[in-house]
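Engineer: Residue numbers (full-length UniProt numbering), protein chains in the order written: chain A, 1 to 248; chain B, 1 to 303; chain C, 1 to 276.
Accuracy of the hints is not assured; some may be wrong.
[Said to hold, decoys possible] To give an idea of the chain A side of the interface with chain B (calculated C-beta under 8 Å), a few residues:
1. 77
2. 84
3. 88
4. 96
5. 101
6. 105
7. 164
[Said to hold, decoys possible] Dumping the calculated DMTMM-like pairs for lysine to aspartate or glutamate here, alpha-carbon to alpha-carbon at most 25 Å:
8. C/98 to A/221
9. C/239 to A/120
10. C/58 to B/294
11. B/23 to B/9
12. B/23 to C/260
13. A/127 to B/290
14. C/98 to A/23
15. C/10 to C/172
16. B/23 to A/153
17. A/127 to A/84
18. C/98 to A/35
19. A/179 to C/260
20. C/98 to C/143
21. A/127 to B/80
22. B/23 to A/216
23. B/23 to B/266
24. A/69 to B/266
25. A/179 to A/221
26. A/69 to A/23
27. C/132 to C/143
28. A/179 to C/212
29. A/127 to B/133
30. A/179 to C/40
31. A/45 to C/184
Don't read these hints as lab results, they were simulated from the structure.
These numbers were taken from a predicted model, which means no experiment stands behind them.
Beta carbons are placed, not taken as given, at the ideal position from N, Cα and C, and that holds for glycine.
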Amino acid sequence: MIRIDKLNVHYGSAHVVRDVSLDIATGESFALVGESGSGKSTVLKALAGQIRDWSGTVDLGDVRLSPGKHPRELIRRVQMVFQDPYGSLHPRRTVDDHLDEPLQIHGLGDRDQRILSMLDAVGLARKFRFRLPHQLSGGQRQRVAIARALMLEPDILLLDEPTSALDVSVQAEILNLLKGLRAERGLTFLLVTHDLPVVSFLCDRLAVLKAGQIQEIAGVEQLRHRNLGSAYGRELVAAAEGVAAEQA
Amino acid sequence: MTLSVLSRDWLLDENPETRLQAKLGQSYRMTRALMRNPLAVLGLVIILALLVVAAFAPWLAPYSPIEGSLSNRLLPPSAEHWMGTDELGRDILSRVIHGSRITLYIVLLVAVLSAPIGLVLGAVAGYFGGWVDRALMGVTDVFLSMPRLILALAFVAALGPGIGNAVIAITITAWPVYARIARAETLTIRNSDFIAAVRMLGGSHWRIVARHILPLCLSSTIIRVTLDMAGIILTAAGLGFIGLGAQPPAPEWGAMISRGRTFILDQWWVATMPGFAIVVVSLGFCLFGDGLRDVLDPRQRSK
Amino acid sequence: MALLEVENLKVRFPSESGMVEVVKGVSFSLGQERLGIVGESGSGKSMTGRALLGLIPKPGVVTADRMQFDGIDLTRLNERAFRRLRGARLSMILQDPKFSLNPVMTIGEQIGEALAFHGRMSAREQKQRVLKMLEAVRITDPERVYRLYPHEVSGGMGQRVMIAMMAVLEPDLMIADEPTSALDVSVRGQVLEILDDLVQRTGMGLIMISHDLNMVARWCDRILVMFNGRVVETCAAGKLGEATHPYTRGLLASLPRLDETRQTLPVLDRQSLGGL
């Protein structure tokens, strides 16, 4: 479903993504793991068409991406959920406006029905439909953002740290929701995160990135058994376990 | 059901059932917030009074604003002429009342013309950036770098005196400020995630600017326009005063002050009464604008 | 005697519908130990920390039956006296060093300024102290970092500079509000070790405010769990696993683990907790 071959991204003179190649199957949930500056978000942005200058080949399904272009058939196929639920909703538009917009843009009918069933699907009570973002909690906003991304029924969902801005107990709700939606709709997930336990819960495989390069690609079982192959991967696991990074 | 519509509870319902109810509820909350501020209410009353006076000027004015009798020239305020009469024996109250039409005409026309121009140019410059931004903002800076009245003066001088040309001149001098504001606001929002989300949903640039960016710039522009009204009135009055705005015998307030200047020491009312009208109306717009800012833009609320 | 004693601390803010209490009667005492205050957003944990430092912004109101720091009654202090106490004896580390450091002053100048503000010493002596402090927070090249501006250092380095700035006056109590949340995981450990080291060496008290249960359990001696403005659980850090309160248990359970195999994560039942 997602095939990336030798993706390279430069920001000015900085080479932030180096020869990243990935092959993600339909229905798979794949994580990009690393620290800030590892280039993990940059990969996601390239797939989302948010950066223009990259090189390499990227195929999403049967559509080939080219830098600086975001073809229309891709929009119906790939959507994204952002990290900050406060910044990803327009402060003056209601939940309804947010969910209605993709339908308007693509001229889809039966809008009321679609919005209501989507609210149900993401577990938002219908009474929230005409609320403004500031009347919602962080978790509810993130549900709206997920609903908006799903309105066009995409195959691929790009998730940029979707729970790192949320409280622990709310994180559990959103993670459960995402897991359920993936099973129900056969979605393919590409998740960017620094939180290894989240990967363990939500993903099948992961790639560890450091300084723009893939250190290793591992199955989630390896992660669960703290059995990552690369030195950096083990370092991350140790840090997540709370063992002070002794090599520091 | 029909009864519950438009009741207070229906408007304040936390869980509106329709888009209409949600929108009405929002406006109701805003109105209520505005009404809690006594100064804003005073401003609103003044503006409403100006509207009423302008609308019913022929019926409210006791005398003709144009014709007077020379036997009544320069009478002090009295029961018959509340604001006295001018050097041609015209009733000043009637002239001030009719003058409100001219003032309103200028103010509204300038606002309607300049705000959208500034808003759109600023948002477009901020959103697209690059050479579009540099070109548009270059032009804006040229206009901003000159004092407003002098620039307006230059334009009127070029176009010829008259209300219509005064409006055009003031508009030309007014829009750059709004463009600056809209651009600054756009720069802070153009990289936000919600804009990226719309782009991912396939929204065109036009749609993003019109439906997502402009509404967010709107409130600060409305506030600024309302606060600028006083300045616009004063600029118009200034042009009138110099003789480049409304032409006699039109009862424009600035022009009236200008005529009264000759008699200011002995017949103070001739210049004072229209001046008073200018001050009151300007103040009304200022107070209302301040109140509006508190409601629309809580971040800038003065403590 | 305890370093800090707090009894029935309340913080209130006026709102359109009357006063809203964000901290609803918190009591605890602190010796020369590391105390963790955990809770989710809106639990009142940060407000508790700020109240201790007299940093609740107007129009907030702070009341307490008792709030004593080393024999000083904090409830009676005026703004000036508080300011003298802060920095010299009480200090605070905030989440993101980017917002707490002055962008137009070099790091050396900023740390030096704190010293100059609270005591007289020669410029030479001051610089020596600053360099020593930078070394103490494990900055390998203090001479170079001394001359850098805040934007020229990484997040982890910035937080270490922040700690150096706060610790240079050798305070008796340090309050760290989410000191590592803005940092990468691998840097977190270092920063926490430095804090720990300071506590061991200088014998200062440390209050660590965080949303991260595991982190607090690992780095503190004792934990207060806050929910809805109240302390719902107090326990020794090592015994967090034996916590009894449903909220604490719920939080612990809802956290995914590295070896996660559950199909769904248990979710807090806010309805039943709401009445607390």
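Engineer: Would you mind confirming whether the straight-line C-alpha gap from residue 179 of chain A to residue 260 of chain C stays at or under 25 Å?
Structural biologist: 13 Å, holds
Engineer: Hold the hint about residue 105 of chain A up to the distance rule: shortest CB distance to chain B must be less than 8 Å.
Structural biologist: 5 Å, holds
Engineer: Taking 25 Å as the top limit, are the C-alpha atoms of residue 98 of chain C and residue 143 of chain C close enough?
Structural biologist: 21 Å, holds
Engineer: Hold the hint about residue 88 of chain A up to the distance rule: shortest CB distance to chain B must be less than 8 Å.
Structural biologist: 4 Å, holds
Engineer: CA of residue 127 of chain A to CA of residue 290 of chain B, is that 25 Å or under?
Structural biologist: Status violated; Cα separation ~34 Å.
Engineer: Is it true that the CA of residue 132 of chain C sits at most 25 Å from the CA of residue 143 of chain C?
Structural biologist: Judged against 25 Å, a Cα distance of about 10 Å means the pair holds.
Engineer: Taking the closest Cβ pair, is residue 101 of chain A under 8 Å from chain B?
Structural biologist: 6 Å, holds
Engineer: Going straight from one Cα to the other, do residue 23 of chain B and residue 266 of chain B come out at no more than 25 Å?
Structural biologist: Violated. Residue 23 of chain B to residue 266 of chain B sits at ~57 Å, over the 25 Å cutoff.
Engineer: So if I understand the rule, the pair passes when the alpha-carbon distance is 25 Å or less; does residue 127 of chain A with residue 133 of chain B pass?
Structural biologist: 42 Å, violated
Engineer: For the pair we were handed, residue 98 of chain C and residue 35 of chain A, check the Cα-Cα distance against 25 Å.
Structural biologist: 18 Å, holds
Engineer: Does the structure keep residue 69 of chain A and residue 266 of chain B at a Cα separation of 25 Å or less?
Structural biologist: 76 Å, violated
Engineer: When the nearest CB of chain B is found for residue 164 of chain A, is that gap smaller than 8 Å?
Structural biologist: Constraint on residue 164 of chain A not satisfied, violated at 14 Å.
This entry does not satisfy hints 1, 7, 8, 9, 12, 13, 14, 16, 21, 22, 23, 24, 29, going by the numbered hints stated previously.
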